[in-house]
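Sequence positions in the sequence shown follow our numbering and run 6 to 222.
Please note: incorrect hints may appear among the correct ones.
Said to hold, decoys possible - Simulated restraints, written as ranges between beta carbons of each label pair:
| # | residue 1 | residue 2 | range |
| --- | --- | --- | --- |
| 1 | 211 | 121 | 20 to 28 angstroms |
| 2 | 79 | 40 | 37 to 45 angstroms |
| 3 | 145 | 84 | 30 to 38 angstroms |
| 4 | 81 | 58 | 33 to 41 angstroms |
| 5 | 119 | 153 | 17 to 25 angstroms |
| 6 | 205 | 81 | 28 to 36 angstroms |
| 7 | 55 | 81 | 24 to 32 angstroms |
| 8 | 49 | 71 | 28 to 36 angstroms |
| 9 | 87 | 125 | 35 to 43 angstroms |
| 10 | 136 | 77 | 56 to 64 angstroms |
| 11 | 38 | 73 | 50 to 58 angstroms |
| 12 | 81 | 61 | 29 to 37 angstroms |
| 13 | 208 | 184 | 17 to 25 angstroms |
The hints are simulated quantities; they were obtained by calculation from the structure and are not laboratory data.
The C-beta atom is built at its ideal place from N, Cα and C for all residues, glycine as well.
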Amino acid sequence: MACRAFAVILLLAGVGFGIHIGLTGEEGIQDPRQSAEEDLRAADAEQQATRDWHRDYALTAADTDAEAKAENIAQVASDQAKALDDTFAAVQEAEEAEEQSGSGSVDIGPIPEDCNGYSGNKAAGCTLLLEHGFGLDQMPCLEQLWDKESGWNEHAHNPSSGAHGIPQALPGNQMASVGDDWETNPITQITWGLQYISNRYGTPCDAWAHSQEIGWY
C-alpha cells in the first residue's frame with residue numbers, strides 16, 4: 006500500500022514537471038514561422054522604402070527637367086521675338102530710306118526760288134548745280150543730259166556696262182568717293198556727277214554737247 010502511494014506521488018510529480026517544461030518551452034522558444042513572417046515584413050518595408058525613394062527621385066528629376074525645358078522654350082521664344090523685331094525694324098528702315106531716296110522725296114533743305122520750276126531729283130540737281138558754282142543757265146543742259154542717261158532715276162542700272170545711277174557713272178562704285186550710299190542716294194549721285202562734269206568738261210552744257218556729238222559723255 007505504501008509502495009502504491011509512493012508511485013502515485015512520483016507519477017503526479019512527473020506530470021507536473023512535464024507541464025512546467027511545456028509551459029516554459031512555449032514561452033522561451035520562438036516559433037520559426039513567426040520569425041520568417043517578421044523577416045518578410047522587414048524585407049517588404051525595406052523594399053517599400055526603396056520604391057518610395059526612387060519615386061521621389063523620379064518626381065524631383067522630372068520637375069527639374071520640366072523647369073529646364075520651360076526655360077529653354079522661353080529663351081527660344083524670346084530670341085525669335087527679338088529676331089522678328091529686328092527684321093521688322095530693318096524692313097521699316099529700308100522702306101523709309103527708299104521713300105527718302107525716291108524721285109520727288111529728296112530733301113536737301115530749302116530749294117532756291119530759281120529752282121522752283123523743278124521737282125524731285127531735278128529740284129535737288131538744280132540746287133546742287135548752283136551750290137557747285139554753275140549758273141542757272143546750265144540747268145537745261147544738265148536736265149537733258151541726265152534725262153537721256155537715266156531719266157533722273159537713282160536706281161537706273163545698265164547690266165551690260167555696269168553704269169549706274171542718275172549720272173550713269175561707269176563703273177557705278179566710283180561714286181563711293183562721295184558716299185557709301187552711292188547705289189541709292191540721289192544726292193550722292195548728283196554730287197558725284199557734277200564733280201565729274203566739272204573736272205572733265207567744265208560745264209554741263211559742254212558735257213551735253215559732247216553727248217550729242219559722240220553719244221555719251
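(Q) Taking the earlier hints as the rules, which of them does this structure contradict? (A) 2, 3, 6, 7
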